[in-house]
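Work the whole structure out from these sequences, hints included.
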Amino acid sequence: MTDASATTPLDLNANAPRGQKPKKRFAPRNIMLYATLFVFAVYYALPLYVMIVTSLKGMPEIRLGNVFGPPLEVTFQPWVKAWSEACTGINCDGLSRGFWNSVQILIPSVVISIAVASVNGYALSNWRFKGSEIFYNILIIGAFIPYQVMLYPIAIILRELNLFGTLGGLVMVHTIFGMPILTLLFRNYFASVPEELFKAARVDGAGFWGIYFRIMLPMSLPIFVVAIILQVTGIWNDFLFGVIYTKPDIYPMTVQLNNIVNSVQGVKEYNVNMAATLITGLVPLVIYFASGKLFVRGIAAGAVKG
Amino acid sequence: MDDKTLNSQKNKRPTRLTRHLNAKIASVPMILTAVVVFVGCSVWTIVHSFTKSRMLPKLEFVGFKQYDRLWSTKRWLVSVDNLLIYGICSLIFTLVIGFILAALLDRKIRFENTFRTIFLYPFALSFIVTGLVWQWILNPDFGLQSLVRETGWSSFTFDPLNNPDIVIYGILIAGLWQGTGLIMCILLAGLRGIDEDIWKATRIDGIPIWKTYLFVIIPMMKPVFITALVLIAAGIVKVYDLVVAQTSGGPGLASEVPAKYVYDKMFLAQNLGQGFAASTMMLVMVFIILIPYLYLQYGGKRHD
Amino acid sequence: MQSSVSIRELDLSFGSINVLKQLNLEVQDGEFLVLLGSSGCGKSTLLNCIAGLLDITDGQIFIKGKNVTWSEPSERGIGMVFQSYALYPQMSVEGNLSFGLKNAKMPKAEIKERVARAAKILQIEPLLKRKPGALSGGQRQRVAIGRALVREVDVFLFDEPLSNLDAKLRADLRVELKRLHQQLKNTMIYVTHDQIEALTLADRIAIMRNGVIQQLGTPNDIYKYPQTKYVADFIGSPAMNFIEGELKDGIVHTQDTQFDMQDYNFKESPKNGPVWFGIRPEHVLVGDSVQNARHSLSVLVDIVEPMGADTLVLTHLFGSPFRVRLDGQFSVKTGEQLPIGINTAACSLFDRESEQRL
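Residue numbers (numbering that gives the first Met the number 0), protein chains in the order written: chain Z, 0 to 305; chain G, 0 to 303; chain C, 0 to 357.
Keep in mind that the hints are not guaranteed to be accurate.
[Said to hold, decoys possible] Some, not all, of what chain Z presents toward chain C, calculated at C-beta under 10 Å:
| # | residue |
| --- | --- |
| 1 | Val202 |
| 2 | Ala205 |
| 3 | Met218 |
[Unchecked claim] Here are the simulated lysine to aspartate or glutamate pairs, EDC-like style, with alpha carbons at most 16 Å apart:
| # | chain 1 | residue 1 | chain 2 | residue 2 |
| --- | --- | --- | --- | --- |
| 4 | Z | Lys292 | G | Glu111 |
| 5 | G | Lys221 | G | Asp194 |
| 6 | C | Lys111 | C | Glu151 |
| 7 | C | Lys177 | C | Glu159 |
| 8 | C | Lys270 | C | Asp326 |
| 9 | Z | Lys267 | G | Asp140 |
| 10 | Z | Lys129 | C | Asp54 |
| 11 | G | Lys23 | Z | Glu132 |
| 12 | C | Lys63 | C | Glu151 |
[Said to hold, decoys possible] Distance windows between CB atoms, simulated:
| # | chain 1 | residue 1 | chain 2 | residue 2 | range |
| --- | --- | --- | --- | --- | --- |
| 13 | G | Trp70 | Z | Asn187 | 22 to 28 Å |
| 14 | C | Pro88 | G | Ala188 | 51 to 57 Å |
| 15 | Z | Phe212 | C | Glu25 | 47 to 53 Å |
| 16 | Z | Pro247 | G | Leu252 | 40 to 46 Å |
| 17 | G | Met219 | C | Ala308 | 44 to 50 Å |
| 18 | C | Glu109 | Z | Val224 | 36 to 42 Å |
| 19 | Z | Gln103 | C | Ala133 | 54 to 60 Å |
| 20 | G | Asn112 | C | Val211 | 56 to 62 Å |
| 21 | G | Ile203 | Z | Gly206 | 55 to 61 Å |
| 22 | C | Ser162 | Z | Asn187 | 25 to 31 Å |
| 23 | C | Ala103 | Z | Gln103 | 43 to 49 Å |
| 24 | Z | Asn187 | G | Lys107 | 27 to 33 Å |
Simulated from the structure, these hints should not be mistaken for laboratory data.
All figures in this text were calculated on a predicted structure; none of them were measured in a lab.
Glycine included, each C-beta is placed from N, C-alpha and C at the ideal position.
See below:
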């Protein structure tokens with residue numbers, strides 16, 4: 000066989016291909032590809048652009064032009080107004096009230112829900128007991144139950160616990176509804192930790208909490224970051240629970256924003272509305288742009304939340 | 000090492016209950032949530048949907064009367080219609096757009112991160128923000144319609160939010176904007192999970208790229224597609240905030256959805272029975288979607 | 000001699016699957032016992048039961064005369080080394096070594112002393128401040144051994160400790176483990192699927208299959224007198240050749256040869272019936288020694304596999320594949336007839352039905 004190939008005459012044409020294969024940078028296929036991506040990028044980026052430019056225009060300019068034009072005269076007045084003067088019914092202290100309410104709801108909700116769920120996930124992956132898988136399965140199927148089914152009885156439970164209309168009540172609701180996805184997240188993460196590590200720690204005499212705090216916690220920083228991103232975004236963006244389980248003076252930001260923008264009385268101040276919308280979206284946006292790949296990991300992991 | 004040594008051991012026999020007691024104590028919140036909230040509250044609502052509760056829940060059973068009323072209420076029928084249209088369109092477009100974007104991003108392009116960041120950022124925003132910004136863009140006097148008219152096409156009309164016939168498509172545009180990024184990400188992860196050697200094999204066999212996607216890649220990604228499908232479907236049934244922010248159900252009743260019907264009946268109209276019946280119907284819808292999925296996902300595993 | 004670890008009628012089942020069945024095992028003080036078997040035979044499960052990491056269904060476990068059946072792993076007086084090393088990634092080597100002692104609330108000075116002593120024995124003193132991530136595989140395994148060492152317990156459990164290392168490192172650490180055992184004289188129970196490790200390290204080997212110990216004996220015993228066909232097939236590389244035959248009055252009748260078994264050491268007076276006639280590839284005689292053999296035959300060489308020191312020849316004998324192991328210097332070519340000799344003293348006979356040694 001080797002003999003045969005040696006006798007085959009080689010194609011020794013001077014122009015024969017040699018060296019690096021020439022690349023066609025502007026092949027029609029590539030142009031199509033980038034053009035399609037670009038068109039989609041415009042569709043996705045447009046609303047953010049519109050929010051920004053509208054919020055920087057004065058009302059007269061808005062009435063004359065369309066939403067897409069850049070501001071001729073940049074003004075920050077709408078932002079100031081949205082933050083501290085816009086009215087919702089009786090209160091006229093702007094979104095700042097809702098912002099602080101949301102912060103007050105957010106911090107305990109995120110901390111408690113993650114603390115509870117991480118311990119759940121840890122117990123489920125390393126300390127299974129009879130029935131633990133059943134409860135876990137109920138939890139996961141529960142994630143698909145429309146919230147509407149559980150809204151009213153939960154309101155009754157909160158009332159019985161004297162938590163209805165309070166921050167504590169809302170924190171509890173967020174902890175409950177964050178539990179399926181977070182538990183899944185932590186359970187899968189802890190299950191991926193080599194079982195031998197857990198065994199070694201038991202031989203070394205560490206107990207349930209010892210292993211959790213000394214071995215597992217220090218190892219699972221990334222998953223905690225993912226969980227925090229998931230929860231901060233989710234809780235900040237919540238509207239339904241906020242509107243049902245809180246009272247007007249502790250309404251979270253989303254509820255207040257909707258009340259400001261969709262209030263029927265008075266002249267519509269579109270620039271203020273867009274500034275308010277943008278301010279409300281700012282927290283999750285900052286988290287999104289700052290966390291990059293971790294956010295992607297979080298939503299891919301948290302996909303079941305639906 | 001006989002019975003004497005055995006007895007001298009002061010080994011306490013760990014009983015079933017106290018074994019790993021800490022783990023059980025730590026699981027109490029989970030057990031309560033699973034049993035009291037997810038099972039208990041759901042059953043409570045289902046049971047009360049057969050009563051004549053109005054302002055307050057009371058256990059006076061009336062059979063399927065609430066459901067009869069529900070299915071003869073125009074607002075509910077419109078809601079279900081809207082949900083069907085929104086659901087089917089959303090399912091198709093989200094999957095198609097999500098897959099196209101994922102496939103494009105998977106072609107080893109430049110600026111992949113930038114594009115992905117742009118496609119996904121809406122997912123970080125709430126439905127309230129989404130609804131409000133699209134309400135503004137679709138505003139007939141200042142938004143898309145006026146922009147096109149300025150270019151000279153003065154008869155151009157695109158005012159979905161004020162036209163009862165197409166209002167649901169206006170909401171769809173906003174919903175797609177918010178949600179396709181997630182599906183793109185999931186499908187992209189699925190594409191990345193496909194063995195490089197498959198691509199090499201199809202190149203050697205000379206199969207065109209589009210054919211490779213259609214006949215090789217997509218069938219391989221079936222589990223990922225099923226996950227994406229369930230996600231979209233479960234999300235659709237819950238659509239609420241978006242409608243509240245963008246149209247408040249208007250014009251008239253044209254963009255009502257079941258979730259809003261439930262909320263309004265329960266917390267505004269003080270017609271609890273209707274709210275319970277409607278929410279039970281939502282639960283039924285979810286389970287119609289979910290059961291085949293659960294069967295596919297977990298039914299097969301029992302055999303080993 | 001006193002028993003160090005004693006297992007009595009141990010049963011373990013997961014649901015309806017019985018993983019370990021009525022298992023009895025006595026490990027002597029200072030003994031190096033290897034649990035050997037293919038994956039899924041229950042050897043690691045047994046080790047985990049001894050460690051207390053798995054709750055047993057029935058039976059008793061004694062360590063140093065103490066009934067530890069219901070004790071926590073840390074109360075059993077054992078140290079354990081894992082296949083994946085299982086080092087705590089966020090702790091330094093020192094932290095890894097001292098974690099168990101701290102949990103036992105030992106005074107600081109003594110912890111320090113013990114860590115220093117273990118580090119010296121294992122020659123990991125320069126690594127004490129490093130994190131496991133900065134160590135090589137061999138170093139990690141030493142630290143893992145050190146973690147068992149500092150506990151200063153009588154029983155060490157090893158769960159395939161060398162399987163994650165490359166071949167050369169494995170051979171080196173094997174020698175070190177043997178040296179460590181000679182130095183410390185602890186009881187060691189060692190799980191592996193590698194027969195070389197088992198043969199080189201063990202005082203006694205327990206070969207397990209389907210949750211039952213098939214044979215317990217010294218490496219020499221197991222190699223020379225496998226009690227079942229499974230053990231014979233499992234130990235030795237390449238595996239033993241088996242030929243179907245019929246035992247009739249001390250003579251094995253195969254397709255067209257008869258082997259006179261008068262040299263063979265029968266366990267009890269032989270019964271006639273179908274048997275497996277087993278001969279190890281390395282016990283087949285070739286070259287000049289063929290003429291001294293009781294039985295000589297000729298086989299056709301199918302494939303020759305030179306392996307350096309040895310050469311492996313694949314042939315057929317009476318329709319079954321047959322391997323012969325030759326010296327590397329022996330010249331043989333595919334297609335040749337190879338004269339071979341067989342000494343029945345080195346053979347094994349198994350009942351075809353029960354697969355027990357005759």
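**Q.** Violated constraints from the hint list, given by number and in increasing order
**A.** Violated: hints 8, 13, 14, 15, 16 and 19.
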